[in-house]
Structures are given as structure tokens and as C-alpha cells.
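Participant: Chain residues, written in single-letter form:
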Amino acid sequence: MTGRFAPRSVRVRLTLWHAGVLAIVLLGYAAGVWSWARHDAIARIDRELAGDFAEIRAVVGIDDQGQFLLPADLEDEEEPGETPLVEIASAAGEPLVRLPRGRAGPLPTGTWRATQGGAVTIALADGTRARVRREVVELGGTPHRLEVGLSLALADAELAQLGLILLLCIPVGVALAAAAGWFLAGRALAPVDRMAEEARRITAERLAERLPVANPDDELGRLAAAFNDMLQRLDRSFEQLRRFTADASHELRTPLTAMRLVGENALRHGRLAPDAREVVGSMLEEIDRLARLVDDLLLLARADAGQCEPAMERCDVAALAREVALELGVLAEEKQLTLRLEASAAAPVRGNALLLRQALQNLVANAIRHGPAGSEVRVAVARVNGCVTAEVADRGPGIPPEHRERIFERFYRVDAARSRAQGSAGLGLAITRWIADAHHGAIDVVATRPEATGEGAGATFRLRLPVDREGVTP
Amino acid sequence: MERARTRVLVVEDEVKVGAALAEGLRADGFDVDLATDGADGFFAASAGDYDVVLLDWMLPRRSGLEVVAALRHGRSGVPVLMLTARDALEDKVAGLDHGADDYVVKPFAIAEVSARIRALLRRGRPEAVTLLRGGKVELDRIARRVTLAGAPVDLTVREFELLEYLLLHRGHPVTREMLARDLWKLPRRDPTLDNVIDVYIARLRRKVDKDPAHRLLHTIRGVGFLVQEDAA
Numbered sequence: 001m002t003g004r005f006a007p008r009s010v011r012v013r014l015t016l017w018h019a020g021v022l023a024i025v026l027l028g029y030a031a032g033v034w035s036w037a038r039h040d041a042i043a044r045i046d047r048e049l050a051g052d053f054a055e056i057r058a059v060v061g062i063d064d065q066g067q068f069l070l071p072a073d074l075e076d077e078e079e080p081g082e083t084p085l086v087e088i089a090s091a092a093g094e095p096l097v098r099l100p101r102g103r104a105g106p107l108p109t110g111t112w113r114a115t116q117g118g119a120v121t122i123a124l125a126d127g128t129r130a131r132v133r134r135e136v137v138e139l140g141g142t143p144h145r146l147e148v149g150l151s152l153a154l155a156d157a158e159l160a161q162l163g164l165i166l167l168l169c170i171p172v173g174v175a176l177a178a179a180a181g182w183f184l185a186g187r188a189l190a191p192v193d194r195m196a197e198e199a200r201r202i203t204a205e206r207l208a209e210r211l212p213v214a215n216p217d218d219e220l221g222r223l224a225a226a227f228n229d230m231l232q233r234l235d236r237s238f239e240q241l242r243r244f245t246a247d248a249s250h251e252l253r254t255p256l257t258a259m260r261l262v263g264e265n266a267l268r269h270g271r272l273a274p275d276a277r278e279v280v281g282s283m284l285e286e287i288d289r290l291a292r293l294v295d296d297l298l299l300l301a302r303a304d305a306g307q308c309e310p311a312m313e314r315c316d317v318a319a320l321a322r323e324v325a326l327e328l329g330v331l332a333e334e335k336q337l338t339l340r341l342e343a344s345a346a347a348p349v350r351g352n353a354l355l356l357r358q359a360l361q362n363l364v365a366n367a368i369r370h371g372p373a374g375s376e377v378r379v380a381v382a383r384v385n386g387c388v389t390a391e392v393a394d395r396g397p398g399i400p401p402e403h404r405e406r407i408f409e410r411f412y413r414v415d416a417a418r419s420r421a422q423g424s425a426g427l428g429l430a431i432t433r434w435i436a437d438a439h440h441g442a443i444d445v446v447a448t449r450p451e452a453t454g455e456g457a458g459a460t461f462r463l464r465l466p467v468d469r470e471g472v473t474p
Numbered sequence: 001m002e003r004a005r006t007r008v009l010v011v012e013d014e015v016k017v018g019a020a021l022a023e024g025l026r027a028d029g030f031d032v033d034l035a036t037d038g039a040d041g042f043f044a045a046s047a048g049d050y051d052v053v054l055l056d057w058m059l060p061r062r063s064g065l066e067v068v069a070a071l072r073h074g075r076s077g078v079p080v081l082m083l084t085a086r087d088a089l090e091d092k093v094a095g096l097d098h099g100a101d102d103y104v105v106k107p108f109a110i111a112e113v114s115a116r117i118r119a120l121l122r123r124g125r126p127e128a129v130t131l132l133r134g135g136k137v138e139l140d141r142i143a144r145r146v147t148l149a150g151a152p153v154d155l156t157v158r159e160f161e162l163l164e165y166l167l168l169h170r171g172h173p174v175t176r177e178m179l180a181r182d183l184w185k186l187p188r189r190d191p192t193l194d195n196v197i198d199v200y201i202a203r204l205r206r207k208v209d210k211d212p213a214h215r216l217l218h219t220i221r222g223v224g225f226l227v228q229e230d231a232a
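Protein chains in written order, with this note's numbering: chain X, 1 to 474; chain B, 1 to 232.
Next up, chain B with everything else stripped away, as it sits in the complex (with noise of 0.2 Å):
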């Protein structure tokens, strides 16, 4: 029995930082709440009756790794999103070995962490859907094929997963992070990856997005890319 609205709580002792991630997540339609430290997080995440716990690596009195840690000694099975730094490889190891269920890495996109929310909500369900839809366009995971207005679309095995993954997403921005991460197993995105998703997106709109009039795939400058029916 799901509740509506998805409750959220954002441990972040960067005042900004934590107002901004909870104004974005509450407009994606998340609840959210607000911890400043390490032991408020741990108690608020304890008491709180959350979907998910969004965990900085770094807070004040008690560390986000103790926090995870302790909640999982605690037998609490929340889903926690860890938010750490580039430069701590090992840590996000550490993170995920610690109890944490995923992270994004700063400075990380809304559109990321709403995206990785969802996913860690789905956990443990297969994806039931098996045939994906976008305005014309329709792809069938199973038998691994893509139709355009019904006529057979011959794609790449990459621009394939490309296409897959956008889908899955529609409605949702998906930024270049989570391209690099999930679609290309890369730990970060460079330039040239960026060009590399750059030609993908453009050989995907001449396959399967003609029609000027009816955009499918959208790109968000400084965001990303969002698959979304034009409502015109």
C-alpha cells in the first residue's frame, strides 16, 4: 500500500544546499524534510516514517557513513541516497558497503536525484513494462525492437539502450551524469563522453524524432535530455 506522495529526508548541513535540493524535490512532487546534522538525521531518520533518506557525506556531528551505519545496525531498511564528493572513490564504497543504497556525486542534478529516488522506491521490483511508448515511437524490451508509426527503426545496440533508457524516463530529465553512470558504466562524464552522448542524441532524432512539429526528444540546456510528447 503505497502513500500518494513519497516522504523524503534530506540530511545536508549546507543550508543552501538543503533548501534548494527540498524545493526541487517537493516540485518532482516528493515530500520533504530537513535535517542540518548527522544526529538530527540519525534521529529524524529513526523516528521519521521515510521512503527515503538523502545522507550527506560530510555533516557536522555525526558523519553520514556513522549515520548509515547506525540505521542499519538498527534494523532500519530505509533506502538511503548518499550525496558525497568526486574525489572519494573508496568512500562510496565505503558508503555502499556501510548499508547506503546508492549516491549521486556533487554537484548533482535534481532531475539525478529525483531519478535515483524513484529507482530506489521500485528496488527489488522488476520493471513490469516491457513494451516502452513515446509519441510514435514504440520499443519492446523483450525482443529488442523499435518501431516508428509502425514501421520497423533499425538502431545500434547503443543508440538501442539509449532510446530504452529515455523512454523509461519520460517525463523525467535525464542529465549526462546518469548516461555516463548507467548507460556507458563510466564513473564521471568527460568532454569527450559528452560528444560521444551528443552524436547518440542527434543519430537518435534522425531515426525515430522527424517530425519537427511533434518533438519527442527535448534537450534542457544545462540539464539534459527529456523525452516528452510536445503537447502541441
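With the rest of the complex left out, here is chain X (with noise of 0.2 Å):
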């Protein structure tokens, strides 16, 4: 799938919005189709009020008796809907004729005016409504209240029916439109999630790949466009920083090997005084520390322009760390450290082999060079929760809380004159850090011991790299 359900995420917003304007809508209009049944119905009642009004009108009147003549047929219609409701009173108000018999209340008259051709709308003893006409009519030579209604009963509940109807749809077309919405805002987005994938794929080291352009007119188009000339500008600074990096190297060598012989050849012509022999030597020792210094900087510097793509193979960092220690072990002997290994169990990585080695080599030496005669240096590589771990503890002085992010950095020095005495050139722990992010994995420091305040606290360096699950048998 390519969306997420979050809420932030513009397919969510896209479809409230969409929900959001289709329930809006959908109510407008609801409304709009509501009143206007009404009022249509109303006045559909209002013309056949017209006419019943009409008819009885010219039909009533009083005999010789003095007895209301009526119209036969009102009598005995069945549907009461239909049944206009007639009313005679004298002109004081006093009820005289009232039909369909039988019929609860009177027409409420409340402030009782004739409505002039026009109809009202009244409210019934039963709870329902009635439109009624209501004129002075000359009955027997007599003014006399005539009233004709027809029941809203029917209409109301066809209306309310309808009103019904449009509201329950209501809820059901915003749904499908949401769902609707969901899909196309899906569809539409889809790209853009495929060109972030596309685009996340496209790292340091494949500058040179570019987002496909499937329409260059529409608004993906012109991103993806946008988003590849970007790239092509990146592209083309990170290549000089190659080129230069090649060149550098070629440049800082070429005069360093130059040196290196010329340096030689003065020593084995034996024509050298002894002084001048160990100020020649001293010098072949520094062209070798700068052509090392050279090499790290440039491993270094590749690594950041994403040219160092080390070979990975699987590999044992347990059987690395034995192998380590067993080749610093003189070092720790000289020192009298015991050099503690605890790497019994197989723990499988996927790396370059020399690489680990040397960042566990950086480790270790460091450890051995800044514990205290007599202390104990541990290493202990071990497999926790999908991860290898191999930490190398010391007891030396500890790395003081305010240095421990800042140690990985290149020549950075927690104390600068006594670092540079035992010959680090600086580099050694940002190396180990970038071989620990070559292999995915991470590198920090901590103190050994965390309750010892101030010297002694000893610092040891975890390195956690990601287990290598292939081919490992359950």
C-alpha cells in the first residue's frame, strides 16, 4: 500500500476535505429539494382548498326550516384526509355547522379573520395541521363564518417521510464519496510516493540515476524535473569531489615517494655521518606518517563522496576479536594488562572483514594504551537482540561525559598533548566510526565503571552492527 494511515498524511486530508464539501453540499440541497416539496405540496392543498371552498360555497345555504342545506357527499367520505373540514358559525362566532360529524374540537379561530382568497395553516386539537379558508358568507339573508379546511396530515407525513429519506442518504453518499475520495487521492498520490521511494534509493553513491519523468506537463512531472536537476547539480559537485580526491592522492604521493627514495639512497651510501643518518631516518619515519595521515584522509574523504563501497561478505566478529587479541596480546604483555577476552559464541555480521578488524584493532590498542599497568582490558563480543556487540572496556581515565559524542570526530582530542605524544594521528576513532556506519551498525562510548568519579572511571566503546541472519541454521 502505498498510503499511510496518518493523519497528517495528505490522502487523509484529501479525503476530509472531499467528505467534508460532499456533506455540505449534499445538505444544501436537501434542504433546497425539502422546502420545495413543501411548498409544492402546500400549494397543490391550497388550490384544492380552492375549489372544495368554492363548491361548498355555492352549494350551502339554509332552507325554509332554517336547516343548513350541505353538500351530500361531504358526509360520508371515508378517507378523513380528504375530507374537507367545514365549519359555520354565526357572525358573533357561535358554532352552528360542523363537518365531517363528529369531529373533536372546532377549527381553532383564535382572533378569527377572513382570509381573503389566501389560505393559513393551523394547528388541530389532534395534533395535526390544517390549511383553512375562511370568508363571511351571506347565508339566509344573514352574515355567516364559513370555514373549509384541508388536513396536513397526509402532506406532513410525506415530507417527513422525504425529509427522512434525504437525511439518511446523506450520511451514505458522504461514506461512498470518502471512500471514493480515499481511492482517487490514493491513485493520484501514488506517484509521489513511488518518486520518494525512487528518490530515498538514490544515494551518495548513484548520483547518476534519475527520477523517471512520466509526464513532464503535470505537477509530478515538473517535481520529479525539479527534483533531477537537483541531483544533476549534486552530481556534478560530488564528481569534482572525486576528481579531486583522485588528484590529491596522485599529487600528495607522487612527492612523498620522491622523498621516500631520495631519503633512502642518502642512507645506503654510507656516506653519512651517524647524526645525519638519524636525522635522515627521522625523516623517512615522518614521510611515513604523513603518507599514512594521506590514506586516511583520502579513505576518509571517499567515504563521504560515497566512493567506498567495501566488499561484504559474511563474517565472525568473534573470531575477529580473537584474532585481534591474539596480535595486541604482546602489547597488552609489555604493559602487564590482562587483556580479557570473552568471544566464545559466533557472532555472524555481514562485512568486510579487514575493515571490522581494523576498527576492533582501533579499539583495543586504544584501550591497552590508555589502561593502567596492571589493570584489565575486556573485550567481549556477544549477540543481543538481533544485534553483534563487541565492546573493549578499559580502565584507564575514562573519557569525560562533554567528549564522548565529540570523540568520533576527526582529530579531535580529549587531551591533545598527551594523545599526540603516543603518536595518534587523530583519525583512528572517526575511522572506527565510519567502518561501524559502512556496516549499518553504531559505535559509542561509555564509562567502565560509572560510579567511579573523576580518574579511573575507564571508558568502553560499544560497537552494535546488525546480526547476519543468512544461512544461520535454528
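Simulated from the structure, these hints should not be mistaken for laboratory data. Worth double-checking, as some hints may not be accurate.
Claimed, not checked - Pair ranges (Cβ atoms, derived): (1) X:376 x B:60: 53 to 59 Å; (2) B:150 x X:276: 54 to 60 Å; (3) B:29 x X:273: 51 to 57 Å; (4) X:272 x B:150: 26 to 32 Å; (5) X:336 x B:130: 53 to 59 Å.
To be verified - Okay, the calculated bits of chain B under chain X, using three or more residues with CB under 8 Å as the criterion: (6) 14-22; (7) 106-117; (8) 139-152.
To be verified - Within a straight-line C-alpha distance of at most 27 Å, the following computed DSS-like cross-link-like pairs (lysine-lysine) qualify: (9) X:335 x B:207; (10) B:136 x B:207; (11) B:210 x B:136; (12) B:136 x X:335; (13) B:207 x B:185; (14) B:210 x X:335.
All residues carry an ideal CB built from backbone N, CA and C; glycine is no exception.
Mind docking these for me? Both chains are given alone in their own frames, and the hints should help you get the complex.
Facilitator: In C-alpha cells:
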């Protein structure tokens, strides 16, 4: 699936907008339809009422005995809703005739006023409503009040039903619209997700790659084109760095090589006085150191430019740690340090054995360098929760918390004078961290004995690498 | 039938490097010719009768890789030693794939180049010597035994290998770079390994080189170590 259900995703927002707008439109539409239907129903009833009124008006009268003459069919209509309600009262308001017979209450009169050809809506005693027309008519020579009404019960029921249907349809419609909106937004945004995916895969090592542009004229196409332009610029500057790195490595090494050879020739002639031999020898040593520094810097520069893709294979960190401990054991012995190795179980990772060995060697050599004579350096390799951890703990002065992150920076020194005197160039830990990064791992440093204040807290470097599960038999 | 002097062709575009290398190799007893670009180098290597060709990796007109590939294509079997830079570990492999026989890494020591040239000339012929001697030290490569003035000396495996390597190069300096590559099987030396080498050298001295009047194991500052009986 391309979209995630995060409330802030564009897809969700689009869907919500979609549904919200549609809900408002549907509500407005329903209100319009409903009021039109109501208006129409009342107009129809009013027309009917006008007809009935005229009909009744033409028929009613008073005979010789003073009896009211009423249209016969009014009496026996069955459907109560269809039957006109008729009421005749004296001019003073005293009710004289009420049809259909047995109707509960009077048509409430309120302040009786002739409606002059129009109709009004009144509420009946039974809770329904009616439209009535009222006029003063001449019956048997005297004015009477004639009222004819038509129940609105049926129309009201129909309107209520219509309203209910309309209201019920709205959530369904909104839900359908939201679903469609979700789907359409997903479809419209899928290329964006694909582009993000593609863009993520274009790393420093693969800057020559470009995003595919499906349609250069649409929004996504323009976005992809803009992104590609940026990649182009980035690629060019990386290329410059790459070329600079290669050139610099060549340009720096050539004079170093020449110096080394000239110095060596001078030594081999045997014509030099002993103190001059010392001078040349010392310079040769410095040339070697410089060459090593150039190597290390170029390695890091190439790593920065994403040019270093070490060949990865399955290797066992425990075995590498044993190898390193064996190799550096003599250094520990010379310092009367105990080098304790806890690396019994296999700890497989995907990595470059040379680089990992280098990382471990840097850490162990550091620990031996900083551990006081007679103390212990512990090297422990273990598998913890899908990680291979290699811990190198010394009992040296430790690293103050404020230096613990920066110690992995190039040329960073906690104690400049001391480190340099011990011959470290300040790149060892930077390279170690690069090696950890190149293996998708991490490195940090903590105190070996946090409870010890000041000197003697010791440093424990912890290298964590993802375990290689491939080919592991359960 | 070997000539008295080994003929070496150095193909190196940096004049100073080429000249200094030639000077050093001549001092080591080689006959050295120089070529300064890939095309000339290829022509000289094809036409001349050289025992070893030293080929710089980055050459004008024709890269070292192209030259060695062309030489091998022309069925030339002359041993080729590449002079490479460190940053191209994979380049070395590529060079060896294309028919180069060995490499040294810039900045290299003349001592190492000489040692590798000698190794290339010996190529194919197994080391006939089984008993190595230096001063009062005797090293039996088959029995893996060391004696000092007839008395057995107890050496660790690494100490034995180091002494063996030094004795094999007797009379010629051995650089730390060579020890790192050939004994420790590491692509490069580093300060830590230097310290380790120093410890082993010190231990070897304590065990087999006790007589200060007749030093066997010498340190040449800035170059490396040398096994040579003191003239004194």
C-alpha cells in the first residue's frame, strides 16, 4: 500500500476535505429539495382548498325551516385526510355546523379573520395541521362565518418521510464519496510515493540515476524534473570532489614517494655521519606517518563522497576479536595488562573482515594505550537482540561525558598533548565510526565504572552491528 | 643460464621518482633502464630483454593496466611489478587480474622493491634452503627449530616466522611494510602493528641476539630491519 493512515498524510486530508464539502453540498441540496416539496404540497392543497371552498360556498344555504343545506358527499367521505373540514358559525362566532360530524374540536379560531381568498395553516386539536380558508358569507340573508379546511396530515407525513430519506441518504453519500476520495487520492498520490521511494534509493553512490518523468507537463512531472535538476547539480559537485580526491591522492603521494626514495638512497650510500643518518631516518619515519595520514584522510574523503563500498561478506566478529586479541596480546603483556576475551559464541555479521578487524584493533589498541599497568582490558563479543555487540572496556582515566560524542570526530582529542605524544593522529576513532556506519552499525562510549568519579572511570567502547541471519541454522 | 646482472625496466612518469628508484636499484646491483610513459614503456618492455618490469599505475599515453594487459596479450611472460597507490585496493586486484605479478604501494621503500624483484626472479623455484644461518643462529625450516650457538632456543610461532623472514632476507633490509604484508597478511601497516612488530623484534633480540659486541639484528631507522653479521 502506498498510503499510510497518518492523520497528517495528504491522502487523509484530501479525503476529509472531499467528504466535508460533499456533506455540506448534500445538506444544502436536501434542504432545497425538502422546502421545494413542502412549498409544492401546500400550493397543491391550497388549489384544492380553493376548489372545495367554491364548491361548498355554491352549495350551502339555509332552507325554509332554517336547516342548513349541505353537500351530501361531504358527509360520507371515508378518508379523513381527504375530507374537507367545514365549519359554519354565526357572525358572532357561535358554531352552527361542523363537518365531518363527530370531529373532535372546533377549528381553532383564535382571532377569527377572513382570509380574503388566501389560506392559513392552523394546528388542530389532534396534533395535525390543516390549511383553512375563511370567509364571511351571506346565508339565508344573514352573514355567517364559513370555514373550509384541508388536513395537512398526509402531506406532513409525506414531507417527514422525504426529509428522513434525504437525511439518511446524506451519510451514505458522504461515506461513498469518502471512499471514492480515498481511492482517488491514493491513485493521484501513488506516483508521489513512488518518487519518494526512488529518491530515497538514489544515494551518494548512485547520483547518476534520475527519477522517471512520466509526463513532464503535469505537477508530478515538474516535481520530478526539479528533483532531477538538483540531482544533476549534486552529482556534478560530488564528481568534482571525487576527481579532487583522486588527483590529491596522486599529487600528494608522488612527492612523498620521491622524498622517501631520495632519503633512503642517502642512507644507503653509507657516506652520512651517524647523526645525519639519524636525521634522515627520522624524516623517513615522518614521511611514512604523513603517507599514512594521507591514506586515512583520503579514505574518509572517499567515504564522504560515497565512493567507498567495501566488499561485504559473512564474517564472524568473535573470530576477528580473537584474532585481534591474539595479535595485540604482546602489547598488553609489555604493559602488564590483562587482556580478557569473552567471545565464545559465533557472532556473524555481513561485513568487510579487513575493516571490521581494523575497527576492533583500533579499539583494543586504544584500550591498551590508556589502561594503566596491571589493570584489565576486557573484550566481549555477544549477540544481543538481533545485534552483534563488541565491547572493549579499559580501566583508564575514561572520557568525560562532554567529550563522548565528539571523540569520534576527525582530529578531536580529549587531551591533545598526551594523545599526540603517543603517536595517534586523531583519525583512528573517526575511521572506526565510519566502519561502523558502513556496516549499518553504531558505536558509542560509556564509562566502564560510572560510579567511579574522576580518574579511573575507564572507557567502554561499544560497537553494535546488525547480526547476519542469512544461513543461520536455527 | 642467468646473467650476472638483472635487467630492470622502470616505467614511471615522475622523473624524480624514476631517477631515485633507478639509483637505489643500481646500488642494489640491478641494471636499470627508465621509460617515462606507457607507450614507451610498452615498446621497451616488448623489444628489450628485461628480467623484470616495474610499472607505475598512472602513466601518460597508456596506463599501467593497459601496458601489462598488452604485454600479456603479446605472450610476454616478463614479471611485472606494479607501483600503485593505496586508495585503490580493487585496482591492485585488477592489476593482478590483468597479468601483473606483484605490487608495491606508494610511497614504497627501495628495500621492498628490491626484495620483491628478487622474489619475482626466484618465482616458480621453491626455496631450496632448509637451513638458515645468521651469526650463531641456526634455523631449521623443516623441523621448525632454532638454535643459538648449538643450544635450542624456544620461540613462539610468530617469533619463529619473523626470524625466518629476516634470515631469508639476510643482507637486505626488511621494511615494516613487508612484515605487515607478508607475515601479518595485512594490507597496510599502522601504528598499532608497528608497536607489535617492535615488541617481537625486542623479544627476538633478547632470545637470539644477546651479544652486544656481535649484533645480528639491526634496526635501520626509517627503513626497517636488517640481519647482518657485524663486521666487528
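Participant: Does each hint hold? Answer for all of them.
Facilitator: Status of the hints after comparison with the structure:
1. X:376 x B:60: 53 to 59 Å: holds, 57 Å
2. B:150 x X:276: 54 to 60 Å: Since residue 150 (chain B) and residue 276 (chain X) have Cβ atoms about 40 Å apart, the given range 54 to 60 Å is violated.
3. B:29 x X:273: 51 to 57 Å: violated, 25 Å
4. X:272 x B:150: 26 to 32 Å: violated, 38 Å
5. X:336 x B:130: 53 to 59 Å: Taking Cβ atoms as reference, residue 336 (chain X) and residue 130 (chain B) lie about 39 Å apart, which means the hint is violated.
6. 14-22: holds (count 5)
7. 106-117: holds (count 6)
8. 139-152: Contact hint for the stretch 139-152 of chain B vs chain X: violated, 0 residues under 8 Å.
9. X:335 x B:207: holds, 19 Å
10. B:136 x B:207: Distance of about 12 Å is within 27 Å: holds.
11. B:210 x B:136: holds, 11 Å
12. B:136 x X:335: violated, 31 Å
13. B:207 x B:185: With a Cα-Cα distance of about 25 Å, the restraint between residue 207 (chain B) and residue 185 (chain B) holds, given a limit of 27 Å.
14. B:210 x X:335: holds, 22 Å
Of the numbered hints given earlier, the model fails hints 2, 3, 4, 5, 8 and 12; all others are met.
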